[in-house]
Amino acid sequence: MAKPTPVATAEEAAAMRRRLRRLVAAVAAGSADAEAFDEAAGALAALRDAELGPRKEHRAGAGGGRKASPEATVPEQFLCPISSEIMRDPVVLASGQTYDRRFIQEWLNAGNRTCPQTQQVLSNTILIPNHLVRSMISQWCTGNEVTLPPVENQEDDLLTNNERKTFSKLFDRIAASSNLSDQREAIKDLRLLTKCNSSLRAAIGEKPESISQMISVLSNPELEHNEEAVEDMVTTILNLSIHEGNKKIIGDDLLAIPFLIRALQSGTMEARSNAAAAIFSLSALNSNKEKIGELGAMRPLVDLLEHGSMIAKKDAASAIFNLCMLHENKSRATKSGVIDVTLKAISDDSLVDESLAILALLSSDHETVEEIGETGGVASMLRIIKEDQCKRNKENAAAVLFSICMYDRRKLREVAEDEKLNGSLASLAQNGTSRARRKASGILDKLKRTMHHTHYSC
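Position one of the sequence shown corresponds to residue 1 (the UniProt record's numbering), numbered consecutively onward.
These aren't lab readings, by the way, just hints derived from the structure by calculation. Any given hint might turn out to be false.
The calculated lysine-lysine pairs, modelled on BS3-like cross-linking and capped at a C-alpha distance of 27 Å, are [unchecked claim]:
| no. | residue 1 | residue 2 |
| --- | --- | --- |
| 1 | 291 | 335 |
| 2 | 207 | 169 |
| 3 | 448 | 391 |
| 4 | 207 | 195 |
| 5 | 169 | 188 |
| 6 | 411 | 448 |
| 7 | 165 | 248 |
| 8 | 335 | 420 |
| 9 | 169 | 247 |
| 10 | 386 | 344 |
Here are the in silico distance ranges between beta carbons for each label pair [said to hold, decoys possible]:
| no. | residue 1 | residue 2 | range |
| --- | --- | --- | --- |
| 11 | 286 | 438 | 40 to 46 Å |
| 12 | 131 | 448 | 28 to 34 Å |
| 13 | 307 | 221 | 44 to 50 Å |
C-beta atoms are modelled at their ideal positions from N, C-alpha and C, and glycine is treated no differently.
Sequences are here, hints too, so could you generate the full structure?
Quick look at the structure:
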């Protein structure tokens with residue numbers, strides 16, 4: 001009898017989903033290489049198998065009008081968990097799971113507020129396009145002569161006249177009303193509508209100046225210091241930023257990013273968390289990464305990473321990671337204290353995955369690596385390699401340790417002593433991910449060369 005497939009723990013599943021989000025962010029920013037695509041594909045399959053068990057093989061010829069070669073087996077990660085068909089319009093739910101838009105929208109429209117796979121209660125019903133998976137599916141279909149039907153009802157479909165009227169009425173109430181109570185209610189209504197109605201988010205594209213005009217309303221002292229109104233406006237901008245066509249519009253607006261940064265600094269915890277999430281969303285565009293960094297978002301993001309609620313910390317970590325894909329923002333993050341904050345988080349076993357991902361991304365910078373080495377980074381990375389059960393965490397720790405060893409030969413002795421006692425790097429060089437094996441082997445080679453040179457020098 002076949003053994004039952006083990007189900008992942010909640011922590012392991014959460015770690016896998018966070019890993020996927022980071023990879024999606026890299027692809028969306030245009031900074032991913034082929035290995036990142038492969039890692040994402042493997043991570044998707046691993047998460048699916050770990051939580052639900054392996055599925056039977058599916059042939060591309062099954063389902064709505066597809067044509068394929070008889071040998072084309074559809075990769076599991078390309079299949080919608082609800083329909084078991086190739087996803088035409090993959091989207092990410094608040095739980096981190098990916099579904100075909102049509103089927104998950106039907107699930108939500110039926111009144112369900114849980115994730116079909118994990119049964120997790122959803123914090124929101126926003127569906128975020130999964131461009132990574134869509135790109136991978138497109139490449140696979142092209143290579144296997146699979147033709148998918150066109151996607152219907154996409155997010156960028158034309159607005160209906162009723163939706164235009166709804167937006168115009170709300171906008172007029174926000175921008176032109178002399179009644180503060182009515183303005184506050186209109187801001188809240190817009191927040192709720194942009195959360196639930198994906199096509200309404202496209203209204204900003206037809207009237208981009210409305211962003212500044214809405215934010216200007218909060219310059220009224222009675223609204224500026226109204227925490228609820230600020231929180232609602234921040235969340236509205238977050239909702240609008242999810243629409244791909246709005247990212248540039250919001251980024252180009254002179255008031256939007258400064259407003260989000262002010263909310264990061266002095267808003268309620270929910271406002272700060274949503275401001276960080278909005279910055280993460282906007283930073284999918286490289287042009288926005290640059291503006292956000294130049295306007296001073298990094299320091300309040302690092303502060304939120306250190307002192308925020310758990311949800312806020314995760315939003316801040318995602319934003320910092322995305323922003324640091326731009327080289328200029330790496331030094332800004334380092335100067336803002338991100339090294340101390342992430343190393344402390346790792347030491348406290350809090351946000352380990354996110355902190356390691358940030359440190360691995362920053363480890364290409366010489367000055368940053370020196371600071372990591374001087375603030376206890378070697379011991380932290382060695383502990384992760386030795387004790388952590390997540391392969392991705394071991395990989396990131398090895399990448400950081402590799403950079404430390406390449407830049408600072410003084411740390412080699414500490415690494416050599418630990419390796420003599422535990423053999424963690426040798427084990428990782430045999431059993432880690434492909435990148436982890438390369439990094440671990442590189443460190444071991446460096447140790448051997450250094451010991452050889454020292455021996456002959458003596």
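These are the hints, each one checked on the structure:
{"no.": "1", "hint": "291 with 335", "verdict": "holds, 17 Å"}
{"no.": "2", "hint": "207 with 169", "verdict": "holds, 13 Å"}
{"no.": "3", "hint": "448 with 391", "verdict": "holds, 25 Å"}
{"no.": "4", "hint": "207 with 195", "verdict": "holds, 19 Å"}
{"no.": "5", "hint": "169 with 188", "verdict": "holds, 14 Å"}
{"no.": "6", "hint": "411 with 448", "verdict": "holds, 14 Å"}
{"no.": "7", "hint": "165 with 248", "verdict": "holds, 24 Å"}
{"no.": "8", "hint": "335 with 420", "verdict": "violated, 35 Å"}
{"no.": "9", "hint": "169 with 247", "verdict": "holds, 23 Å"}
{"no.": "10", "hint": "386 with 344", "verdict": "holds, 18 Å"}
{"no.": "11", "hint": "286 with 438: 40 to 46 Å", "verdict": "violated, 27 Å"}
{"no.": "12", "hint": "131 with 448: 28 to 34 Å", "verdict": "violated, 43 Å"}
{"no.": "13", "hint": "307 with 221: 44 to 50 Å", "verdict": "violated, 27 Å"}
Of the numbered hints given earlier, the model fails hints 8, 11, 12 and 13; all others are met.
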